[in-house]
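Asker: Those protein sequences? They're chains A and B, same order as listed.
For the record, in the first sequence the residue sitting at position 6 is 6 according to my numbering, with numbers rising by one throughout.
For the record, in the second sequence the residue sitting at position 75 is 75 according to my numbering, with numbers rising by one throughout.
The hints are simulated quantities; they were obtained by calculation from the structure and are not laboratory data.
This one's a predicted model, so the numbers in the text were calculated from it and none came from an experiment.
Do not take every clue at face value.
What the hints assert, rightly or not - Coverage of chain B stretches by chain A, computed from C-beta distances (three or more under 8 Å per stretch; other residues unrestricted):
(1) 182-196
(2) 243-257
(3) 353-366
(4) 372-386
Claimed, not checked - Computed list of lysine-lysine pairs in DSS-like fashion (alpha-carbon distance at most 30 Å, straight line):
(5) K40(A) / K382(B)
(6) K351(B) / K97(A)
(7) K12(A) / K383(B)
(8) K375(B) / K72(A)
(9) K32(A) / K52(A)
(10) K72(A) / K149(B)
(11) K28(A) / K375(B)
(12) K52(A) / K393(B)
Claimed, not checked - Some chain B residues near chain A, calculated using beta-carbon distances under 8 Å:
(13) V138
(14) K200
(15) E237
(16) L238
(17) K314
(18) K317
(19) V318
(20) S321
(21) P323
(22) I325
(23) L341
(24) R344
(25) G345
Glycine included, each C-beta is placed from N, C-alpha and C at the ideal position.
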Amino acid sequence: MSSKIEVETPGKGRLTINLEACKTCESKACTKACPVNLIKLDEAGLPVLDEKTSKVCTDCLACEDACSLEGKGGLTIVYPMPELEQHVQKLEAEGVKVVWRR
Amino acid sequence: MVRLYEYQGKELFRKKGIKTPKGSVAKTPEEARKIAEEIGGKTVLKPQILAGGRGLAGAIKFAESPAEAEKAARELFGMEVRGFPVKEILVEEFVPHEKSYYLSVLSYHGERKPVCIVSSMGGVEIEEVAEKPPDYIVQYPPNILKGLKTYEAYNVVRKLPNVSSGEVRAVGDVLKRLYDVYRGYDCKLAEINPLALTSKGEAIALDARVQIDDDAVYRHPELGLAAVEEAGRPETELEVIAGKINMEDPRGVLHFVQSDPDGSYSKQINAVPVGFYSTGTGSTLTSIDELAKRGYFAVNTTDTALVPASKIYKLTKVILSQPHIEGFVFISPHSSQQLLLYARGMIKALKELYPETGGKPNIPMVFCFRGGWDKEAVELFKKHGIADSPLVKVLWRVTEAEAAEEFDKLYRRWKQNVK
Numbered sequence: 001m002s003s004k005i006e007v008e009t010p011g012k013g014r015l016t017i018n019l020e021a022c023k024t025c026e027s028k029a030c031t032k033a034c035p036v037n038l039i040k041l042d043e044a045g046l047p048v049l050d051e052k053t054s055k056v057c058t059d060c061l062a063c064e065d066a067c068s069l070e071g072k073g074g075l076t077i078v079y080p081m082p083e084l085e086q087h088v089q090k091l092e093a094e095g096v097k098v099v100w101r102r
Numbered sequence: 001m002v003r004l005y006e007y008q009g010k011e012l013f014r015k016k017g018i019k020t021p022k023g024s025v026a027k028t029p030e031e032a033r034k035i036a037e038e039i040g041g042k043t044v045l046k047p048q049i050l051a052g053g054r055g056l057a058g059a060i061k062f063a064e065s066p067a068e069a070e071k072a073a074r075e076l077f078g079m080e081v082r083g084f085p086v087k088e089i090l091v092e093e094f095v096p097h098e099k100s101y102y103l104s105v106l107s108y109h110g111e112r113k114p115v116c117i118v119s120s121m122g123g124v125e126i127e128e129v130a131e132k133p134p135d136y137i138v139q140y141p142p143n144i145l146k147g148l149k150t151y152e153a154y155n156v157v158r159k160l161p162n163v164s165s166g167e168v169r170a171v172g173d174v175l176k177r178l179y180d181v182y183r184g185y186d187c188k189l190a191e192i193n194p195l196a197l198t199s200k201g202e203a204i205a206l207d208a209r210v211q212i213d214d215d216a217v218y219r220h221p222e223l224g225l226a227a228v229e230e231a232g233r234p235e236t237e238l239e240v241i242a243g244k245i246n247m248e249d250p251r252g253v254l255h256f257v258q259s260d261p262d263g264s265y266s267k268q269i270n271a272v273p274v275g276f277y278s279t280g281t282g283s284t285l286t287s288i289d290e291l292a293k294r295g296y297f298a299v300n301t302t303d304t305a306l307v308p309a310s311k312i313y314k315l316t317k318v319i320l321s322q323p324h325i326e327g328f329v330f331i332s333p334h335s336s337q338q339l340l341l342y343a344r345g346m347i348k349a350l351k352e353l354y355p356e357t358g359g360k361p362n363i364p365m366v367f368c369f370r371g372g373w374d375k376e377a378v379e380l381f382k383k384h385g386i387a388d389s390p391l392v393k394v395l396w397r398v399t400e401a402e403a404a405e406e407f408d409k410l411y412r413r414w415k416q417n418v419k
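Chain A on its own, in the form it takes in the complex (with noise of 0.2 Å):
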């Protein structure tokens, strides 16, 4: 069994759960979270993602939130910017550090 959950929200962003570190997780939180109900958990106690999430899901961020403040982490959705990293990139190449970057 892969210790690894992907899945593309509709928002396109990539969740992944990373099961290692759910094993370790005594809250649970993402579950309690989501407000449509679409992390659940299997018999062996790990969280299990609805197949409707690439659809259904609301990219509230409830779960990637619970799980740093009262999980341990392994739930993260990365959102890809690639054009704003790349004028990011073009600006530093001028000489112009953005804010948080200085």
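Dock chain B against the given chain A, drawing on the hints supplied.
Answerer: What follows is chain B alone, placed relative to chain A:
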């Protein structure tokens, strides 16, 4: 709304069977010459900019030969027309014509339906026709559920004075097709001015003005458009990036416009440039005024409604990527939106941009929540430890003036410490 360049509008016209002059887009004077050679004969050179009145600004040139076309293109490429630098020129065959029509289909808010407008006095200043001989303009609101039938289009044109039966058919046919463009591409406006009637009785669209509803742009990825607000100047890179957020995920409403992209205006008025995030026009304007009174200039405006937290996260990153900002202010209106989503989105952005401090920023920031889930939003900032930062103030149910005052205090303290 998203406005299309003339050549893009004409592409849509051709797809629906409206005739346009032969031609294509040149990016260099040499290309202009080549296109003119292919066309043969007299050509017209039209700069592709997102503003009207090109003819009145002297930016439309005529060329008798390819060499003249190259010369005219060389002049145009160095020009700035109505604030837009000329980067592309549409080189087209010159179409001699006997009569010009004005045709448009637009979303008319007064009637809450599309309206077709046709005039047999098309040309440069169509607005004046409406004032002078009103007989020469006909309006018709078709039933959006049934669409515009060909016979209805003919009847619209027939209402104009001195129109031959041949004209009724030629112009009516184009009007029907223009309506198809309007509906097929979710337009707010599809306009031809002028529609030329040649001596052979052919109707040819010499210009194209097409605006697409910005909430529908995501439905037309085939057009390859950036869903960018029209600001009367070329769009900035960050505005294009913000437009992409909507293209990727059309849920809810998201707007982002830079009012001082390079910080030059803030410098000119001796104000401190700040990144700004607010929702709702009333609160946004009040907040901008309150900040301005205290010497701060909001270098961008935003609006988001009913968006997922992920879009708030993305937009926060865009706002904070304006390099010249010396602060950030978020003020919600007395909102019925779930402000907890705003808190989650902004916290995620801060934690990602400032990983070493767990989201605590290096410039002063004020977050003011008022409305649905506002207590929870404030609590979340505390839980994540960001509210403890000396550079952050998280406020609950205060006025715009109080929020601006708090930002002013933070900023002054920060500046003193930096010194």
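Asker: None of the hints should be skipped; say for each whether it holds.
Answerer: Quick rundown of the hints versus the structure:
Closer than 8 Å: that is the beta-carbon criterion, and the region 182-196 of chain B has 0 residues meeting it against chain A, so the requirement of 3 is violated. Residue count for the region 243-257 of chain B with a Cβ under 8 Å from a Cβ of chain A: 4. That meets the three needed, and the coverage hint holds. With a cut-off of 8 Å between beta carbons, the region 353-366 of chain B has 5 residues touching chain A; three or more are needed, and the interface restraint holds. Only residues whose beta carbon comes within less than 8 Å of a beta carbon in chain A count, and the region 372-386 of chain B has 3; three or more means the coverage holds.
With a C-alpha separation of about 28 Å, the suggested pair K40(A) and K382(B) falls inside the 30 Å cut-off, and the hint holds. With a C-alpha separation of about 18 Å, the suggested pair K351(B) and K97(A) falls inside the 30 Å cut-off, and the hint holds. The hinted pair formed by K12(A) and K383(B) meets the criterion: a straight-line CA distance of about 27 Å does not exceed 30 Å. Under the criterion of a C-alpha separation no larger than 30 Å, the hint pairing K375(B) with K72(A) is consistent with the structure, at around 25 Å.
Restraint check for K32(A) and K52(A): the C-alpha separation of about 17 Å stays at or below 30 Å, so the hint holds. At most 30 Å may separate the alpha-carbon atoms for a hinted pair to count; K72(A) and K149(B) exceed this at roughly 63 Å. A hinted pair counts as satisfied when its Cα atoms are at most 30 Å apart, and K28(A) with K375(B) qualifies at roughly 24 Å. Among the hinted pairs, K52(A) with K393(B) is inconsistent with the structure: their alpha-carbon atoms are about 39 Å apart, more than 30 Å.
For V138(B), the interface hint is violated, the least distance from its beta-carbon to any beta-carbon of chain A being 45 Å, above 8 Å. Because the closest C-beta pair between K200(B) and chain A is about 48 Å apart, greater than 8 Å, the hint is violated. With 8 Å as the threshold, the beta carbon of E237(B) comes within range of chain A, its nearest partner Cβ sitting at about 5 Å, so the hint holds. Among the interface hints, the one on L238(B) holds; its C-beta lies about 7 Å from the nearest C-beta in chain A, closer than the 8 Å criterion.
Nearest Cβ of chain A to the Cβ of K314(B): about 6 Å, under the 8 Å cut. The hint holds. Given the 8 Å rule on beta carbons, the hint for K317(B) holds: about 6 Å separates it from the nearest Cβ of chain A. Interface restraint check for V318(B): the shortest CB-CB distance to chain A comes to about 7 Å, inside 8 Å, so the restraint holds. Given the 8 Å rule on beta carbons, the hint for S321(B) holds: about 5 Å separates it from the nearest Cβ of chain A.
Evaluation of the P323(B) hint against chain A yields a held restraint, the C-beta minimum of about 5 Å falling below 8 Å. The beta carbon of I325(B) comes within 6 Å of a beta carbon in chain A, closer than 8 Å, and the hint placing it at the interface holds. Because the closest C-beta pair between L341(B) and chain A is about 6 Å apart, less than 8 Å, the hint holds. With a least beta-carbon distance of about 4 Å to chain A, the hint placing R344(B) at the interface is held under the 8 Å criterion.
Nearest Cβ of chain A to the Cβ of G345(B): about 7 Å, under the 8 Å cut. The hint holds.
Of the hints listed earlier, those the structure fails to meet are numbers 1, 10, 12, 13 and 14, in rising order.
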